[in-house]
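**Student:** Sequence:
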Amino acid sequence: MTTPWGEYALARFPEDPRDRLRAWDASDAYLLRHLAESGTPLDGSVVVVGDRWGALTTALAGHGPTHITDSFLSREATRENLTRNEVAADTVRLLTTRDTPPDRVDVLLVRVPKSLALLEDQLHRLAPAVHEGTVVVGTGMVKEIHTSTLRLFERILGPTRTSLAQQKARLIFCTPDAATLGARGNDPWPYTYQLPDDIGLLAGHTVVNHAGVFCADRLDIGTRFFLRHLPGGRGGGRVVDLGCGNGVVGTAVALADPDAEVVFVDESYQAVASAEATYRANRPDADGKAEFRVGDGLEECAPDSVDLVLNNPPFHSHQATTDATARRMFTGARRALRPGGELWVVGNRHLGYHVTLRRLFGNSEVVASDAKFVVLKAVKRAS
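For the sequence shown, my numbering assigns the number -11 to the initial residue and increments by one for each residue that follows.
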């Protein structure tokens, strides 16, 4: 990536030679170009929110920015890109969306996230540190910035306008004012609701969603279908809710089989916080029966250590449609499962996960299907 501060070699994390997606886009370049051409002072506390692969943070490392992300993969990509470009790790402060934000923000740079709820939550969390002199600039591709996006900035921070589009990217300029900051109201997140009565074992149980988690205000139809067809009667064992989201699937297993040890894993800090809150709301006395991990799939699980993996894999990486995440999840599951262990997957029928599972496991069985979804089971065979 070429910037006013020089050329930077950037990569996504984890690197995959089959993945041709770049670690930056036109909106990153547009923001960096604007900062240089406008002479924006990058003094004081510079905060970069939602930098997807560390492109902005790496280019601005000389100004000691604080990087805030909900994504473990983005965080690790930033670390590796800093190293790749010979930037000392202590130059940048890395925070997650669950960490306490800085006390003061003089320059706030926001890479607009896919989730409007996550943007709302992060602006609320940062607002106490923003002052009338704070420079606030957002960036995103044109298709990612909507009227509702601008209204959030206006409602929480102050008057907002947008730039002309360049290479299908646009900038957001917000001018914080004391009146807006003082009248912004409370952060509505996390959001809690009760599951419907037709959901089986989980009927009437509590779900807690932090901002940014998929389907934050309702149970998505894929998970609803999966819950009707989960394996039962296993009598304990080590179970992983892989890509756990709000933890509904893993919590259902824990309620059905109190002897099971359930591990909730997601690359989103917001998701793992949601899963833990959901689990504890429904099993307040079950200390020691569950683990909650933010990480890259099953990389931290020892080989041959898991009896069952349950997975509803995403098929988007930000705005790009890709099966790379699902493939990596399935590969990690095969490594972590004990011989005879099972991977259960729910997905849209058209995604063809059965082909990938047969290639990796040598088998794939349809457990259940309807017009839209399919539940598949693959068994790890003894080598």
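Note that these hints are calculated values from the structure, not bench results. Keep in mind that a hint or two might mislead.
[Said to hold, decoys possible] Straight line, CA to CA, 30 Å or less: simulated DSBU-like cross-link-like pairs of lysine-lysine:
hint : residue 1 : residue 2
1    : 156       : 131
2    : 131       : 365
3    : 156       : 102
4    : 277       : 365
5    : 360       : 102
6    : 131       : 102
[Said to hold, decoys possible] DEER-style ranges, computed between Cβ atoms:
hint : residue 1 : residue 2 : range
7    : 272       : 104       : 47 to 57 Å
8    : 360       : 244       : 18 to 28 Å
9    : 276       : 104       : 34 to 44 Å
10   : 219       : 292       : 13 to 23 Å
Beta carbons: idealized from backbone N, C-alpha and C, even for Gly.
**Student:** Evaluate each hint against the coordinates.
**Tutor:** Hints versus structure:
no. : hint                   : in the structure
1   : 156 to 131             : holds, 8 Å
2   : 131 to 365             : violated, 37 Å
3   : 156 to 102             : holds, 16 Å
4   : 277 to 365             : holds, 25 Å
5   : 360 to 102             : holds, 24 Å
6   : 131 to 102             : holds, 10 Å
7   : 272 to 104: 47 to 57 Å : violated, 32 Å
8   : 360 to 244: 18 to 28 Å : holds, 25 Å
9   : 276 to 104: 34 to 44 Å : holds, 37 Å
10  : 219 to 292: 13 to 23 Å : holds, 19 Å
Hints 2 and 7 from the earlier list are contradicted by this structure; the remaining hints agree with it.
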